[in-house]
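Going down the list, the sequences are from chains B and F.
What the first sequence shows, in numbering that gives the first Met the number 0, is residues 0 to 423, in sequence order.
What the second sequence shows, in numbering that gives the first Met the number 0, is residues 0 to 268, in sequence order.
These are calculated hints, taken from the structure and not from any lab test.
Do not rely on the hints blindly, as some may be mistaken.
To be verified - Listed next, with one range per pair, are the computed distances between beta-carbon atoms:
| # | chain 1 | residue 1 | chain 2 | residue 2 | range |
| --- | --- | --- | --- | --- | --- |
| 1 | F | LEU5 | B | GLY63 | 41 to 51 Å |
| 2 | F | LEU116 | B | PRO179 | 23 to 33 Å |
| 3 | F | LEU248 | B | ALA242 | 26 to 36 Å |
| 4 | B | ALA56 | F | LEU82 | 51 to 61 Å |
| 5 | F | MET0 | B | GLY289 | 57 to 67 Å |
| 6 | F | VAL3 | B | ASN158 | 51 to 61 Å |
| 7 | B | GLY289 | F | LEU82 | 31 to 41 Å |
| 8 | B | THR130 | F | GLU38 | 42 to 52 Å |
| 9 | F | THR250 | B | ASN52 | 50 to 60 Å |
| 10 | B | SER86 | F | THR250 | 27 to 37 Å |
| 11 | B | SER86 | F | ASP35 | 27 to 37 Å |
| 12 | F | LEU259 | B | SER86 | 35 to 45 Å |
| 13 | B | GLU187 | F | LEU116 | 56 to 66 Å |
Everything numeric in this text was worked out from a predicted model, so none of it was measured.
All C-beta atoms in this analysis are idealised placements derived from N, C-alpha and C, irrespective of residue type, glycine included.
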Amino acid sequence: MTTISKVRYSRRSLLKTGGAALAATTLSAPMVWGQESRNITLRQFGTGVSNLNEVAAKVKEDLGITLEMTALDTDSVTQRAATQPNSFDIADIEYFVAKKVWPTGNLQAMDASKITNYDKIVGIFRDGKLTPESTIAQGTAPHTVGFVEGPNGTDFVDNESGWMTLIPTIYNADTLGIRPDLIGRPIESWTELLNPEFKGKASILDISSIGIMDMAMVCEAMGEIQYGDKGNMTREEIDKTIAIFTEAKKNGQFRAFWKTFDESVNLMASGEVVIQSMWSPAITAVRSRGIPCVYQPLKEGYRSWGGGIGLSASLSGMELDAAYDYINWYLSGWVGGFLMRQGYYSAVPETSKDFMTENEWGYWFEGKEATDVITSPFGDPLAQAGEVRDGGSFHDRMGAVACWNSVMDENQYMVRKWNEFIAA
Amino acid sequence: MAVVLLAFLVAPTVMIVIVSFWGATEYSIYPDFQFDNYEFLFGSPVTYTVFFNTLKYTFITWVLTLVIGFTVAYFLAFEVRSLKWQIALFLLCTIPFWTSNIIRMISWIPFLGRNGLANSTLMSWGVIDEPLEWLLFSDFSVILAFVHLYTLFMVVPIFNSMMRIDRSLIEAARDGGASAFQTLRHVIIPLCKPGIMIGTIFVTTLVMGDFITVRFMSGSQRANVGRLISNDISLLQYPSASATAVVLLITVLIVIGLLLRLVDIRKEL
């Protein structure tokens, strides 16, 4: 065990000094291990968002690794990562969940020097800045929980230490979804969610940690509350936020709350709801039924989230090497292209470019007009030539993030207040 | 038998009671002996609202399933003369139960929705001009689903009791000059008590322990105790979930205890 960690340590030092020798070792490693990983099975779990059978099939084809996928909802994912460490090898979790799960010691830090494309990972996940001029949004920004001080580090550090908690895989900027045909006028602000005009036709998601953020975006936009940090509210701020929404609920503003992806799709597609918190692929699903649905950019900005892959603490030896191979493969472009064609972003966008057509890259990433029909990876047409992505380019969207999904210090208090809101 | 009960009933229940005194952090639970969970539970107005809601759902569902269940059982037992038809119709009642109860519940959602079948039919008949909003995601839809799901649990035991009634008793009542209502009131209902009681226990425990029906049919807008527990579990608050479960268990036991005082099932069976 000591020898192994020494080897790793020296590689890490190499990274810091930099050099061509390093590139040679890290690049050759996957090929060497690739032969041995043929019969290895890795058990991965995560939300339905990125736990896709297509990924498992492709990794089997490219690396020979068998990936057993389990898709769960956000809360169950947290629960599993925190309570059943031996039930998985790879945890595909959200960054804000890492804050909860890391202290349990169920995950092990990853050696950044073994990640081939580490240098190409988007700044958001490294120093927190999309561009050097960017300001860092509120909430649990991924870089704040992305690094620990060493292989056995327990505390998060605020620099690129070379030891990562999660390898970013997929992220996006969320906003409200609307039915433009049933609303019939422009929607520009988060305040519209509580506009009495949409009484009985609005919805919000019943996942407390995310729902409270959407609430905060609304309350702040209304000018009712000025938050110190929407991602880490004080008790007083939580009380005020919940009070505003409880009143709206009692007045019949909401048609329903949703907890799963397909519930949100059905609410929107059936016309029960015309404005609600929504996730990007849900918009796609509504549209692929031929129903108009817009992921409306709002002037106050987006609520953003990011997911990443973490390694189980119990992984070692060949399985651990296979896991690194898998991660390197994940960032090498195919998965990125697959995800970006559904409207998400890849952690290393430039590698994905090779796996997308110029039209797709222009539409999804650069915010350009589609020159031809845009289809999902599953073959459904999503946009016609001449259409532009809601919200524009990657930099327009990710540059307008107001807040990251987060876990608050007052989380337990918030959850209790959330229960009161649901029961009210 | 004793071993099975001990392993699968007593031990888990004891475990829940023990955990209800433990403490929890964001991501873990630790053994302790504290009353925090109960203190919070009894100190929160939400608890009382939610328990009240649960009892309200239970009571309304009980009344409706009893009336419908009794009527159906009465029809099967006394109006249908041939045994062949009795069995055939009884089996017909059970057919919906060959599908999952989640499916049976969810299929109400498109039916009751704003643009659903119920509203569009009513509008085409000219009964209403605007879609009825309260059909879906309301107490109405929750109770409708409960009644739909659980009426059979009332029908079966009541039907069973009715089939055991000696027909000569009913003839005797008629010969004695009793009207149909008097026969029902003084002969059939008293003799059906065990069936009614068993059905009541089924419906009460099923409704009080439910969480998924309330979540789906109210669009997450209403809460009962089951949802409180499931929320706690999903947020890793096992001790607090256990405490709520213990209180719910005691409530259900009290309700059943009261019911059993009304009818001595052992004696009646």
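Given the hint of 56 to 66 Å, is the C-beta distance from GLU187 of chain B to LEU116 of chain F inside that range or not? For LEU116 of chain F against GLU187 of chain B, whose Cβ atoms are near 36 Å apart, the range 56 to 66 Å is violated.
Cβ-Cβ distance between SER86 of chain B and ASP35 of chain F: within 27 to 37 Å? holds (29 Å)
Taking 26 to 36 Å as the hint, is the beta-carbon distance of LEU248 of chain F and ALA242 of chain B inside that range? Hint holds: Cβ distance 33 Å, inside 26 to 36 Å.
Holds or violated: 50 to 60 Å for the Cβ distance of THR250 of chain F and ASN52 of chain B? For ASN52 of chain B against THR250 of chain F, whose Cβ atoms are near 44 Å apart, the range 50 to 60 Å is violated.
Starting from the range 35 to 45 Å, see whether the pair LEU259 of chain F and SER86 of chain B falls in it by beta-carbon distance. Cβ of LEU259 of chain F to Cβ of SER86 of chain B: about 43 Å, so the range 35 to 45 Å holds.
The hint says 51 to 61 Å between VAL3 of chain F and ASN158 of chain B; measuring C-beta to C-beta, is that right? holds (58 Å)
Please test the hint of 57 to 67 Å on the beta carbon pair from MET0 of chain F and GLY289 of chain B. holds (59 Å)
Could one say that the CB atoms of LEU116 of chain F and PRO179 of chain B fall in the range 23 to 33 Å? holds (26 Å)
Quick check on a hinted range of 51 to 61 Å for ALA56 of chain B and LEU82 of chain F, using CB atoms only. holds (57 Å)
Could you tell me whether the CB distance from LEU5 of chain F to GLY63 of chain B stays inside 41 to 51 Å? For LEU5 of chain F and GLY63 of chain B the Cβ distance comes to about 48 Å; the hint holds.
Using the beta carbons of THR130 of chain B and GLU38 of chain F, state whether their distance is inside 42 to 52 Å or not. Distance hint for THR130 of chain B, GLU38 of chain F holds at roughly 50 Å.
Outcome of range test on Cβ distance (SER86 of chain B, THR250 of chain F; 27 to 37 Å): holds (34 Å)
In terms of the numbered hints stated before, the structure departs from hints 7, 9 and 13, listed from lowest to highest.
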